[in-house]
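Student: Chains as they are written, first to last, in our numbering: chain G, 1 to 113; chain E, 1 to 114.
Hint data in this document are derived by calculation from the structure and do not stem from the laboratory.
Keep in mind that the hints are not guaranteed to be accurate.
[As the list claims (entries may be wrong)] Facing chain G, a subset of chain E residues (Cβ under 8 Å, in silico): (1) 42; (2) 49; (3) 96; (4) 99.
[Stated by the list, open to error] Partial selection, computed: residues in chain E whose CB lies under 8 Å from chain G: (5) 43; (6) 46; (7) 50; (8) 98; (9) 100; (10) 101; (11) 105.
Each residue gets a CB set at the ideal place from its N, CA and C atoms; glycine is no exception.
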Amino acid sequence: ETGVTQTPRHLVMGMTNKKSLKCEQHLGHNAMYWYKQSAKKPLELMFVYSLEERVENNSVPSRFSPECPNSSHLFLHLHTLQPEDSALYLCASSQDAGTDTQYFGPGTRLTVL
Amino acid sequence: KQEVTQIPAALSVPEGENLVLNCSFTDSAIYNLQWFRQDPGKGLTSLLLIQSSQREQTSGRLNASLDKSSGRSTLYIAASQPGDSATYLCAVRPAGYNFNKFYFGSGTKLNVKP
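In isolation and in its complexed conformation, chain E is listed as follows:
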């Protein structure tokens, strides 16, 4: 069974800092990997999706990388803002299923201080 680990569990940084969130997974046979943001009372929002054949994806101040062979992904947030405060979840979709069967990490709770 795929296991997904996120480090750190919580992170507090001053506004303006660049930061990196880490995600590791145990089985490299993946279809894709996705980063989500979870705000209290608002469910999950997809941020970036990386297919297994890709190395990275970028959206605005966010950049996600994927190293499938080593079972790692990172989410880079540039010039952090208080509005970035949320829990960030990494989810892996394993290969071999014809439907969305995501395995999620426990998340990194980010607090960006003004």
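In isolation and in its complexed conformation, chain G is listed as follows:
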């Protein structure tokens, strides 16, 4: 498999559930990103990881917990979410955190009931 993959592609969860989103990149990149795309709002950067270290946490609520166990994998752990957290969550990677070109995955469509 090539590029950036995300699983699951669709997720429906209740407010008390715990779930995780997974992102995997097969490009040999050193930086990975989580973005949130809500309806009628611009794409928002959530987290940036460079060489498995978090370099940006863009004022994201603690109910979103990222994890980067290695440079190829990125997780977003979800706990006690709110309906307004329903959105498309996109993962991206780049050669390095300062490299301009990012490659995006297809996203996970999350619905919180």
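Use these hints to put chain E onto chain G, whose structure you have.
Tutor: For chain E alone, kept in the frame of chain G given last:
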């Protein structure tokens, strides 16, 4: 905080037309500006990237211009085709960060009718 605005929010044109998508940003201290295409279920694809020192970039039927002082960029699509139908996003990377910290516009949803 940088704010990025895209006008129009949606656009429907017949095949073959030339069209212009607009992007404006509030802070001219940028590192670069990038245009993306977003297709449903397929994430984002980078189309053109303009560094702050550049005025324009071209790729095939696409031409992007940048006027940093006025906080504007345009994406010109020549001879539009139905396959160009997608949402086009403009993203600004501000100066002063050593990592990708893009601010995105809300996008222009383009429909090219056969």
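Student: If a hint holds in the structure, say so; if it doesn't, say that too.
Tutor: Hint by hint, here is what the structure shows:
1. At about 5 Å, the closest approach between the beta carbon of residue 42 (chain E) and any beta carbon in chain G falls short of 8 Å, and the interface hint on this residue holds.
2. Restraint check, residue 49 (chain E) versus chain G: the minimum CB separation of about 6 Å is within 8 Å; hint holds.
3. For residue 96 (chain E), the interface hint is violated, the least distance from its beta-carbon to any beta-carbon of chain G being 12 Å, above 8 Å.
4. With a cut of 8 Å, the hint placing residue 99 (chain E) at the interface with chain G holds, because the nearest CB-to-CB distance is about 4 Å.
5. Proximity of residue 43 (chain E) to chain G holds as hinted, the smallest CB-CB distance being about 4 Å (cut-off 8 Å).
6. A distance limit of 8 Å between C-beta atoms decides the matter here; for residue 46 (chain E) the minimum to chain G is near 6 Å, and the interface restraint holds.
7. Because the beta carbon of residue 50 (chain E) sits about 10 Å from the nearest beta carbon in chain G, more than 8 Å, this interface hint is broken.
8. At about 5 Å, the closest approach between the beta carbon of residue 98 (chain E) and any beta carbon in chain G falls short of 8 Å, and the interface hint on this residue holds.
9. This hint holds: residue 100 (chain E) has a C-beta 6 Å from the nearest C-beta of chain G, less than the 8 Å allowed.
10. Annotation: interface hint on residue 101 (chain E) holds; nearest CB of chain G at approximately 6 Å, less than 8 Å.
11. At its closest, the beta carbon of residue 105 (chain E) sits 6 Å from a beta carbon of chain G; the interface hint therefore holds under the 8 Å criterion.
In terms of the numbered hints stated before, the structure departs from hints 3, 7, listed from lowest to highest.
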